[in-house]
Structure formats: C-alpha cells, structure tokens
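S.K.: Given next are the chains, with one letter for each unit.
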Amino acid sequence: MAFYVVQFLTGLASAASLFLVASGLSIIFGVTRIVNFAHGAFYMIGAYIAFTLTERLSGAFGFWGAIVAAAFAVALIGIIVEMVLLRRIYHAPELFQLLATFGLTLMVEDLVVLIWGPDDLVGRRAPGFRGAIDFFGQNIPSYDLFLIVLGPVVLGILWLLFQRTRWGVLVRAATQDRDMVAALGVNQKWLFTSVFAVGVFLAALGGALQIPRDAVHHAMDLRIIVEVFVVVVIGGLGSIIGAFVAAVLVSELNAFGILIFPKISIILVFLVMAAVLIVRPWGLFGRPEAPARKTPGLTVNPWRPLTSNERLAALAALVVAATLPLFAGNYALTVGSEIAISVIFAVSLHFLMSVGGLASFGHAAYFGLGAYGVAFLAKMAGLPMIGCLLLGPLLGCMGAAVFGFFAVQLSGVYFAMLTLAFAQIVWSIAFQWVSVTGGDNGILSIWPEKWAASPSHFYWLALGVSALVTIALRAMVFSPFGYALRATRDSLLRSEAVGINAKRIQWTAFVIAGTTAGIGGALFAYLKGSVFPDNLGISLSVDALVMVLLGGVETVSGAVIGAIVYKALNIWLVSQTDLSKLVLGGFIVLIVVVFPKGIVGMLEMLAQRRRKTSPPGSPLLAKPIESAE
Amino acid sequence: MRAKNYFVGAAFALLASGMAHSALAQDIKIGEINSYSLLPAFTEPYRKGWQLAVEEINAAGGINGKKLVVISKDDGGKPADAQTAANELVSSEGVAMLTGTFLSNIGLAVSDFANQKKVFFLAAEPLTDAITWSKGNKYTFRLRPSNYMQAAMLVEAASKLPAKRWATIAPNYEYGQSAVAVFKKLMSEKRPDIQWVDEQWPPQGKIDAGPVVQAVAAANPEAILNVTFGADLVKLVREGNTRGLFKGREVVSFLTGEPEYLDPLKDETPEGWIVTGYPWYSIKTPEHDAFLKAYQAKYNDYPRLGSIVGYQTIKSAAAILAKAGSTDPEKLIAAAEGLSMPSPFGEITFRKIDHQSTLGAYVGKTALKDGKGVMVDSSYKKGADYLPGDAEVEKLRPKD
Chain Z
7 MAFYVVQFLT
17 GLASAASLFL
27 VASGLSIIFG
37 VTRIVNFAHG
47 AFYMIGAYIA
57 FTLTERLSGA
67 FGFWGAIVAA
77 AFAVALIGII
87 VEMVLLRRIY
97 HAPELFQLLA
107 TFGLTLMVED
117 LVVLIWGPDD
127 LVGRRAPGFR
137 GAIDFFGQNI
147 PSYDLFLIVL
157 GPVVLGILWL
167 LFQRTRWGVL
177 VRAATQDRDM
187 VAALGVNQKW
197 LFTSVFAVGV
207 FLAALGGALQ
217 IPRDAVHHAM
227 DLRIIVEVFV
237 VVVIGGLGSI
247 IGAFVAAVLV
257 SELNAFGILI
267 FPKISIILVF
277 LVMAAVLIVR
287 PWGLFGRPEA
297 PARKTPGLTV
307 NPWRPLTSNE
317 RLAALAALVV
327 AATLPLFAGN
337 YALTVGSEIA
347 ISVIFAVSLH
357 FLMSVGGLAS
367 FGHAAYFGLG
377 AYGVAFLAKM
387 AGLPMIGCLL
397 LGPLLGCMGA
407 AVFGFFAVQL
417 SGVYFAMLTL
427 AFAQIVWSIA
437 FQWVSVTGGD
447 NGILSIWPEK
457 WAASPSHFYW
467 LALGVSALVT
477 IALRAMVFSP
487 FGYALRATRD
497 SLLRSEAVGI
507 NAKRIQWTAF
517 VIAGTTAGIG
527 GALFAYLKGS
537 VFPDNLGISL
547 SVDALVMVLL
557 GGVETVSGAV
567 IGAIVYKALN
577 IWLVSQTDLS
587 KLVLGGFIVL
597 IVVVFPKGIV
607 GMLEMLAQRR
617 RKTSPPGSPL
627 LAKPIESAE
Chain X
8 MRAKNYFVGA
18 AFALLASGMA
28 HSALAQDIKI
38 GEINSYSLLP
48 AFTEPYRKGW
58 QLAVEEINAA
68 GGINGKKLVV
78 ISKDDGGKPA
88 DAQTAANELV
98 SSEGVAMLTG
108 TFLSNIGLAV
118 SDFANQKKVF
128 FLAAEPLTDA
138 ITWSKGNKYT
148 FRLRPSNYMQ
158 AAMLVEAASK
168 LPAKRWATIA
178 PNYEYGQSAV
188 AVFKKLMSEK
198 RPDIQWVDEQ
208 WPPQGKIDAG
218 PVVQAVAAAN
228 PEAILNVTFG
238 ADLVKLVREG
248 NTRGLFKGRE
258 VVSFLTGEPE
268 YLDPLKDETP
278 EGWIVTGYPW
288 YSIKTPEHDA
298 FLKAYQAKYN
308 DYPRLGSIVG
318 YQTIKSAAAI
328 LAKAGSTDPE
338 KLIAAAEGLS
348 MPSPFGEITF
358 RKIDHQSTLG
368 AYVGKTALKD
378 GKGVMVDSSY
388 KKGADYLPGD
398 AEVEKLRPKD
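Going line by line, the protein sequences match chains Z and X. Anchor point for the first sequence: position 72 equals 78 in my numbering, and the numbering is continuous, going up by one each time. Anchor point for the second sequence: position 74 equals 81 in my numbering, and the numbering is continuous, going up by one each time.
Just so you know, the hints here were simulated from the structure itself, not pulled from any lab data. Be aware that one or more of the hints could be misleading.
Beta-carbon label-pair distances, calculated as ranges [what the hints assert, rightly or not]:
| hint | chain 1 | residue 1 | chain 2 | residue 2 | range |
| --- | --- | --- | --- | --- | --- |
| 1 | X | Asp335 | Z | Ile392 | 49 to 57 Å |
| 2 | Z | Leu277 | X | Asp335 | 51 to 59 Å |
| 3 | X | Gly279 | Z | Ala387 | 34 to 42 Å |
| 4 | X | Gly353 | Z | Ser441 | 36 to 44 Å |
| 5 | X | Asn65 | Z | Arg62 | 42 to 50 Å |
| 6 | X | Asp335 | Z | Val325 | 35 to 43 Å |
| 7 | X | Gly353 | Z | Gly592 | 55 to 63 Å |
| 8 | Z | Phe78 | X | Arg198 | 55 to 63 Å |
| 9 | X | Leu375 | Z | Val600 | 53 to 61 Å |
In this text the structure is predicted, and so the values were computed from the model without any measurement. By construction, the Cβ of each residue, glycine as well, lies at the ideal position given by its N, Cα and C atoms.
Okay, chain Z solo, but in the shape it has when bound:
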C-alpha cells in the first residue's frame, strides 16, 4: 500500500514540473494565439542560466536566488523576442508565428552548445532538499515533496492573478474574445508583451527547477515541448486549471502504467490526447472557439488559374528542370530527386492547409505510411517496383481515411494536435513492432530496379511525378470540389447553409492529401533504399509545415517554392557548416520578418502593387513573378 502512495506522490512531482511549463504555454496561446514552438527553448535556457548561476552563487539564498534570477533573465529575453520579432508578425496568417518560433528554437539549440559546451551538465542539489523522507519503508525525495507543494501554489498564484487583478481580467477577456478587447480600447501591445513575459517566465522557472534532478543539455527543449503541447491540449487551450489536471492525469497514468506495461511511456500521452479529443473536442476544460468574425485575408487576392502565358512559362520551367541531367553530376541529381519528393510532400500538406484550412501537425504519418507500404510490398510480397509505387501509397490513403474521419470532426489547433497524436501512434507502432517493421533499425535494401536505378532516370521519375501531382492538385483547387472545400474553410456556417456536407468534403480532402503524401513517401523509400520510423516522425511533419509556411499559406502553389528553398538550403547548410541549425534558424527568422506572407505570398503582393501602378500590358519584370504563383 505504501508503495502505491509513494508512486502516486512521485507522479504528482512529475506533474508539477510539467504543469509549470504547460501553464506558460497555455497562457501565451490563449491570449496571443501564438503556437509557441520556442517554449521548450526558453525552458532549456532557463536551466542553462540557472546552472551557471547556481555554480557561482553559494548558500541556500544563492541557490534559490539563482533559480528565480534565471527565470527573470529568460523572461527578459522573452520580452525582447516578443517586441523585436513577434510583434511584427501578429497580422500574418495563422500559424506563421509558429515558423518564427521554430527558427528561434533551431538557433537556440546551436547557441547553447556554443556557449556552454557539448557536455551534459549536472547541477547541484537544492539546499535543504537533498535527501529523502521515509514513508513506511519507502523513500520519497524531499525535493519531490517541494515540487508537489509548488505546483498548487503556482496554480493558486496564477488564479489570484487572473481573478483578482485588472491585468488578469484583461487576459481572460482576450482569451475569450480578443477582437472585442481590442475594440474596447485596451492596449494590446502591452498586454501581449506582458503575457508573453509571464509565459516565458513560467517555462524558464520550470527549466531552472530541473537542475537538482536532471542533466542540463542541448536537447532538453525537444524532450519537453511536444509533451507540454499535449498537456495543454488535453486540458483545453487557455485553461490553467485544465493544464494542471491534464499534467496530473498524464503523470499519474505514466507512473502506474509502467507497472503493467513497462513500454507504455513512449506513447501514453498521445493515446490519452487522442482519446480525450475524440470524446471532448476542446479538451477537458476548454470551450468551443468563438466563430471567426473576419474572413481570412484571402479575398484581397482572389485565386485564379494560370493564364496561358503562365502555363507556357511553367512548362518551360519544367523542361529546363528536366535538362538538369545533361550538365549536373550524380550528387546534384540525387539532391534534385530529394527536392522533387519534398515538393510532393509539401504540396500535399499545402492542399490540406491552404485550400482546406486544416493545418495538420502529423502529415509525415501518411508520407511514412507510403514509404512503409512500399517496403512491405517489396520485401514481403516481392512486387516489382512499378507495382510497389502504385500500391504503396494506398497504405497512406488508408491511414488518412481512418484518422481523417476523426480528425475532421475538430478544427483549428485541436485538429492539428489530433493529427499529431495519430502520427505519433503510427510512429510508435513502426518503432515497437520490431518483428514486422524492424523497429528503429528500419527496413533496408529497397533499391530501385534497373530502369530507374541511375540517378538521372530516378530524377526524371521524381520530377515527372511531382509535376503531375502539382498539376492535379491545382486542377482540383479550381474544380467544383475545390470551391466547396474553400467554402468550408472560409465560412463553415454559410457553406453548410448552401448544402455542402462540410465534414465529408474535408474528409475527402484529408484522404487526397494523405494519399499524395504517400506517393512522396513511396518515391522516398526508393531514393534512400530504406525506411525508418524517422519517416513518420514529428520533425518531418514540422519540416512540411515550415515548407508550406515559407512558401506562403495564402497562395495556390507557394509550397512548391517553399519546399525547394527549404530543402535545398537545408541540405546545403548541413553539408557546409557545423552550425547548420543556427544559420537555418536565422534564415527562417529573417524570412519571417521580411516576407510575412511567405516568399510567394510576398512576391504576389509586390506583383499586384505593380500591376496597379503600372500601365496595362504588364511590364516584363512582373511576368516571372506572376509565374512564380
């Protein structure tokens, strides 16, 4: 019995650290609607700075002073980031801020290694909380007890802050309806900055408090960020109490789950999230989002099919791309194939995100399923390459059909997080089912047959497929189905009023996007000759998001450019510099500031301005820019 009590308390201690970080994320999202990918980075910097300070300062006051000072220091960094970077892009399309914070995260990961070195750092234990307390023969670390008390204390302070101060009232009001708050004349700039600072402070405090029990290292951010997102979503976005309950729920399920299924930790949070979201689409304590008042900025620049001149230009570009094997070497051709596959992957997500308004955080699942489909067919059934390429993507199609059915019942960030949960579930199946998938050692030796084996042939194959896929998806955008899908995106109520079955249309779009991603995955398996769980992983899903956002989410085919720029730059930087994350992150942040509508979105805007100012018979310059759309 004593054992179960202690296990319960241990779970509570884990919950407390999770809650601190999650509450910060929840507040930030609730008010600013920023999906703050850099939250984990702030957590990590908090730990690093606290480590340095606790090593310098001595005594109990020194230790606790250092923890708090570290949190304040990081909050200051947060304020600077908000004022210099995020403030410029609040008006950008939804999720674009995700790109900025993703760039920041990349930079921080390299920076901490540059500043603090590559070794894992182990800080000191908290003065007064070094040992353990005996509980009927079981030991409970006293630091755990401290955390167990701290969690509710922070919850209480936040509650008082939100219920008893004017600032808290404004924050709650903004969480519920931020347009109304703005209309009432509240200074939003100040409100956003202060909320961001509080959220970052909590993240950094959570990181600093890990010093006595964890090692400080450069991958801490990734370890926590996804879990924290999950906790926030289970609890309901913007709800502090929800975050607390979700943190306790997840931690306790883990503490007791490992007694029965020792391998459960790897997937538990995602199972819980999927279950909660299917039953309660807005999390445990969340409320349905108010219907959006303004139509997205799409009306400014209505989509139209390419003119015949633009079609010729696109065709010419394709022909030029097809001549690459005449002058480029094998390596350049293989990189070209990889870029073409990225284009397929990116346009498939773009179709779902831009046309359907459904941002998936787990799109890699269908890419990876396509790849695994090929691997199974080639290795187990021994099918020829053509057969594998045709049938392999069906696995992605089936996955999308099943998961898409549940996912499209939700919208916004909840939709995104449910797709993430499904992707992680698929990933963990690939990871754990060693006898079928080979686990993390993957499935090897899926090389193309002779007719496609040479780099130039494979490049032509990848290029051809990516061109076909792009054209097909574009055609779909301007088909009746595409118009119906756009209608569900722009106004769910109105589209249903005119008789569009929104859920079915969205589900169909999800399956189309998943199958297309599967086609990319199938080619990828042959390009690399192997399949690994990585092909289904979070980082690949994030890559796809970044490519779409970089190209411009409000464009018809911006993802093509986004994919080419991001993938080419990524491959090139990794090859050329040891600080590829720092440079790539810096580049992304720069793009975000300079092109707040994405690269293609911005070019389009410039072209349009030009068209307005210049005489008819548009000047030569505008043509390639238009054709970039």
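Here the structure of chain Z is known, so what remains is to put chain X in place on it, guided by the hints.
M.R.: Only chain X this time, still in chain Z's reference frame:
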C-alpha cells in the same frame, strides 16, 4: 510557376556539388559521417581523436606518400540525411571509403548504401550486432566492440555475483532491447538459477526517473542491469541515490565507465557498479601512453572513449589503404580482412569471418575519488575472447 523554383533548386545543387574541392587530385580522401549536431558530447572528442590521427599520419609521410584528407559531414541523427551525406561524399567528392556513424540505425543505413554502391565502409561506433551479423555485408567493417561483446564481458563478471533476482532498465529502442536480450541469454546460460523479476523500458532521452526507480525497487531485485546512458543515466542515478535503490544491490551497467557518461555524474557517482568503459587515467601501456601524451599536448584536454574510437578509426582506415595500395573497394576488402594493426589498446585485428575488429573494452568498478567518478580494478578485455565461435557466426551472417 515552376520557372524560378527549379532554377533555384538547380543552382543550390550545383553550388553544393561545386564547393569543398580543396583537396588535391592526388590526395587520398576519406569520407566521414557522424551525428555532430545531435550528440556533441560524444562526437566532439571523437572528432578531436580522428583529427589527431590525420595529423600523425600526414606527419609520417601520408599513405604510401600521398596526403590523407578526411572530409567530414554531419548527419543530424537522421538515417536519411546520413545517406544524402554518403552520396555526396561518394558521388561528388570521390572518397576512397566511408567511415564513422554513431547511432545503430544510421550505421545500418550507411552500410546498406555502401553495399548497394559498392563502397568500402568502416563503421566506427554503432554497437548493433546486426551490422556485422544478421544484416552484415562484404563492404562493411566495424571497429568498436559490439553489443554482444560488451554483454559477454559484463556477463563474465556478473555471473560470479551471488544475486539471483535480477531487474533490467534499458532505453526503449533497438540498442537497449538487444543489449538486454543478449545479456539475459548469456547470463541464463551460465546461471540457470537466475530469475528476471522486472524490466523497465523508459523512452530514450525521456526517462521519468522517479516512477521507474520506484517500480524497480518494488520488485525487490538483488541486482540490476542498466543500459541507459547520457542524460537518462544522470536522472536515474540521482533518483536512485535519493530513493536508496542501489543500496545493498549489485548493479551491472553498459558504457557507464566511459568518461562521456561517468564524468557528468561528479559526486553523485554510485560506487561499486560493474561497468564497461575507458579509465584513461589508469591505463599504463606504452601504446596508450603515446596516444595520451599526443592527445593532451594537442588539445590540453583528456581523451574520452570517443577520442579513442575516432583516432583508431582513421588509423585503421589508413592501415587498410596502405596495405591495399589502391582505392579499389575490392582490394580494400581483401586488405582489411584479417589485417592486424596497433591501437592505443594494443594490437587489433579485423576478422575475416564477420569484419568485426577485435578492439576490446575495459571492465571495472565505479568509485568516487575527490568528488569525481572513476573506474577502479579495471582490466582490459580483448575483443577476440568475447565473440562466439566461427560456426555460430557463420549461421548468424548471410552469405555474401
């Protein structure tokens, strides 16, 4: 629409293929790939190790009079990126062979690439048994003692312990799973009386140490096998110390004696664990002294195990290239099979039967000295003594 895009793509690709041609045509180039950005704690000392080796080789006149150049790439911890890098090294840099890799899945991906493209590959670090056995191929050799070998070394010591009730804690991925599987198998062969009372599988890098320690303690084992390392190990040890998990229990632990993993523990180092590792401070052989002196002179830092692996990888590659007198992969394979050479740990041989080197490891016990973790009572275990017999290996490895 696609006009710009493909031009940009082509331009980048051309730029990428055109750069980094600083090496001269008559130089011998080796392509090296490792997870520099993902695992800097291990790969930074590793890099220093191979850089020292390159310097020594070229100072001694290079390889048959030709200068040795190592072109190094980061794989970011992703198998797909490692293949892109391998492709660049082979197709556009024209390297004579590939070396490196840390993670098992990346090692396997590059090994499969090497087999497909018929390129010689010397795997440095990956521990998985598959790379030389179940998924072995004729183009792939491996330097570091494998999972099986390290398990066998630990079992030798562990089987002498009186403990009968054992629990295991291992990261939930291939390395952890196969380490536990081999250890259990070898242990149960020697000691049929042993019971396995609990197993914990925390996700790699994400251990929730409190509940794990508590769960293991509840099973009340007499001895524990640990396979976690890095940040997970730190958390496990801290929780275990506070909750008294290790008190009165024997612990056998993979890799924990390596300075990379032992040093961060500082004054929290648990005492008396039986570990594999690298006690650079207590190895007194002329080969190692020479290495240690050169390393400390160049870097003003002490070597980690990664330094040894990096150093010996390039030294081995050079020895193979020198003996082959050619960069033809088939000749390299012929030269490497059965080739013996000196190393800081004494003479090693690349076995013909499975392309595994006989580099060994040190087994000893952890102890606290001046607030730091050290390995004591350590002895060198030759790799050759801990590999299964030839008949068994032939069964494990597919025919070329």
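S.K.: So, against the hints stated earlier in the document, which numbers end up violated here?
M.R.: 1, 3 and 7
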